[in-house]
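S.K.: Just so you know, the protein sequences line up as chains R and P, in that order.
Each number in my numbering corresponds to the 1-based position in the first sequence with 180 added.
Each number in my numbering corresponds to the 1-based position in the second sequence with 180 added.
The set of hints was computed from the structure by calculation and includes no laboratory data.
Just so you know, not all the hints are guaranteed correct.
Coverage of chain P stretches by chain R, computed from C-beta distances (three or more under 8 Å per stretch; other residues unrestricted) [said to hold, decoys possible]:
no. : region
1   : 203-217
2   : 262-271
3   : 277-289
4   : 355-364
To give an idea of the interface, some chain R residues facing chain P are shown, with a C-beta separation under 8 Å as derived from the structure [unchecked claim]:
no. : residue
5   : G222
6   : S224
7   : M284
8   : F295
9   : D330
10  : H354
11  : Q361
Okay, derived cross-link-like pairs now, DSSO-like style, lysine-lysine, Cα gap no bigger than 27 Å in a straight line [as the list claims (entries may be wrong)]:
no. : chain 1 : residue 1 : chain 2 : residue 2
12  : R       : K191      : R       : K262
13  : P       : K296      : R       : K296
14  : P       : K231      : P       : K262
15  : P       : K186      : P       : K223
16  : P       : K296      : P       : K231
17  : P       : K223      : R       : K233
18  : P       : K296      : P       : K242
19  : P       : K242      : P       : K267
20  : R       : K267      : P       : K296
Every value quoted in this text rests on a predicted model; they were computed, and no experiment measured them.
Beta carbons are placed, not taken as given, at the ideal position from N, Cα and C, and that holds for glycine.
Protein chains: 2
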Amino acid sequence: MTEAEKTSRRKQCILNAVSEALEEYDYRHLTVEDIAARAGVGKSTIYRWWKHKSDLVLDAFKEQTAPVFELDFQQSLAFNFKQQLLKLSQALNHPVGRALLVVMAEHREAAGEFFKQYLLPRREQMRKLIQVAIERHEIIAEYPFELMLDTLYGPIHYQIIFFNRIPDQTYIEHLVSLVMQPILVQNSP
Amino acid sequence: MTEAEKTSRRKQCILNAVSEALEEYDYRHLTVEDIAARAGVGKSTIYRWWKHKSDLVLDAFKEQTAPVFELDFQQSLAFNFKQQLLKLSQALNHPVGRALLVVMAEHREAAGEFFKQYLLPRREQMRKLIQVAIERHEIIAEYPFELMLDTLYGPIHYQIIFFNRIPDQTYIEHLVSLVMQPILVQNSP
């Protein structure tokens with residue numbers, strides 16, 4: 181194993197410990213001590229890579245969701261929206277996702293930076309899929325698509341944070357239908 | 181002053197102290213000790229009415245925003261939406277609003293309960309205004325209005341929490357236009 185592989189393994193092990201700990205208790209009670217003990221490393225190892233427990237949660241969420249949010253270009257835009265929102269809803273209901281929302285609220289500036297990095301590549305992929313959907317004549321070509329994405333993703337967070345409700349498949353299907361109704365080609369003039 | 185008035189005054193004074201403290205430091209550093217000192221009361225007085233500092237933040241937000249979110253039935257639905265969203269955006273950017281988002285994320289169950297009580301009367305008012313707008317022929321009569329409200333309020337929270345961006349008037353006007361476009365009477369078939 182190269183040095184880089186060893187580092188990667190250890191980081192992975194630490195992030196797994198974060199997830200494991202959060203399954204047992206809330207973010208408030210999460211300590212770097214406990215993560216270190218679970219991962220079998222010293223606290224200084226953790227502090228070499230992460231400044232604060234909030235950074236660990238951001239990375240644990242990233243690690244856990246990286247493969248989850250892949251788009252399927254063979255499927256329609258509507259299908260992809262539904263899948264993405266359902267996965268998002270599930271991810272935010274997972275203990276790491278719950279902790280993530282606390283971190284986002286507590287460390288807005290840091291979280292804003294993180295999400296710019298995390299969300300920009302996803303938005304880029306989404307823009308490509310929208311382009312493909314236009315070329316496949318699924319949707320109209322001219323529309324404020326960026327703003328439309330907010331009206332899809334926003335309500336998921338809103339339902340979870342303000343109503344403590346995890347949007348289910350039915351809610352998500354209604355939402356996607358409502359938001360996409362003006363752009364579907366068969367409905368356009 | 182009656183006993184009830186005295187109690188009300190003291191509560192008000194304590195909630196003002198919460199707001200004042202949050203202007204100086206983050207929710208994480210908020211303590212019941214400091215609030216008691218600022219309000220000139222004993223800690224036991226605070227604990228008589230509130231179990232946890234998070235409950236104080238919920239009530240401080242309620243107190244601060246109660247008069248802010250009144251609807252204006254003389255104005256159009258679109259006008260009211262814009263006003264509401266702008267005020268919401270400002271309220272969540274205020275120190276008490278920032279703390280509120282932390283509390284919501286940390287205490288989802290309690291916050292869910294609180295918001296059911298807090299939001300239900302507002303939704304009720306909003307439903308009335310929608311009914312009035314239908315009668316005034318501003319909007320069509322049949323539409324999933326509840327879901328539509330999520331696509332208006334959701335993006336405000338989403339922009340703030342995930343992008344650390346406070347939606348401004350331009351963003352809000354675009355959002356309201358986009359979401360209302362399918363229901364405006366002049367655009368209906």
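S.K.: Take the hints in turn and mark each one as holding or not.
M.R.: Hints, one by one, checked against the model:
no. : hint               : in the structure
1   : 203-217            : holds (count 3)
2   : 262-271            : violated (count 0)
3   : 277-289            : holds (count 8)
4   : 355-364            : holds (count 5)
5   : G222               : violated, 26 Å
6   : S224               : violated, 24 Å
7   : M284               : holds, 5 Å
8   : F295               : holds, 5 Å
9   : D330               : holds, 4 Å
10  : H354               : holds, 6 Å
11  : Q361               : holds, 7 Å
12  : R:K191 with R:K262 : violated, 32 Å
13  : P:K296 with R:K296 : violated, 32 Å
14  : P:K231 with P:K262 : violated, 36 Å
15  : P:K186 with P:K223 : holds, 17 Å
16  : P:K296 with P:K231 : holds, 19 Å
17  : P:K223 with R:K233 : violated, 31 Å
18  : P:K296 with P:K242 : holds, 13 Å
19  : P:K242 with P:K267 : holds, 14 Å
20  : R:K267 with P:K296 : holds, 25 Å
Checked against the numbered hints above, the structure violates hints 2, 5, 6, 12, 13, 14, 17; every other hint is satisfied.
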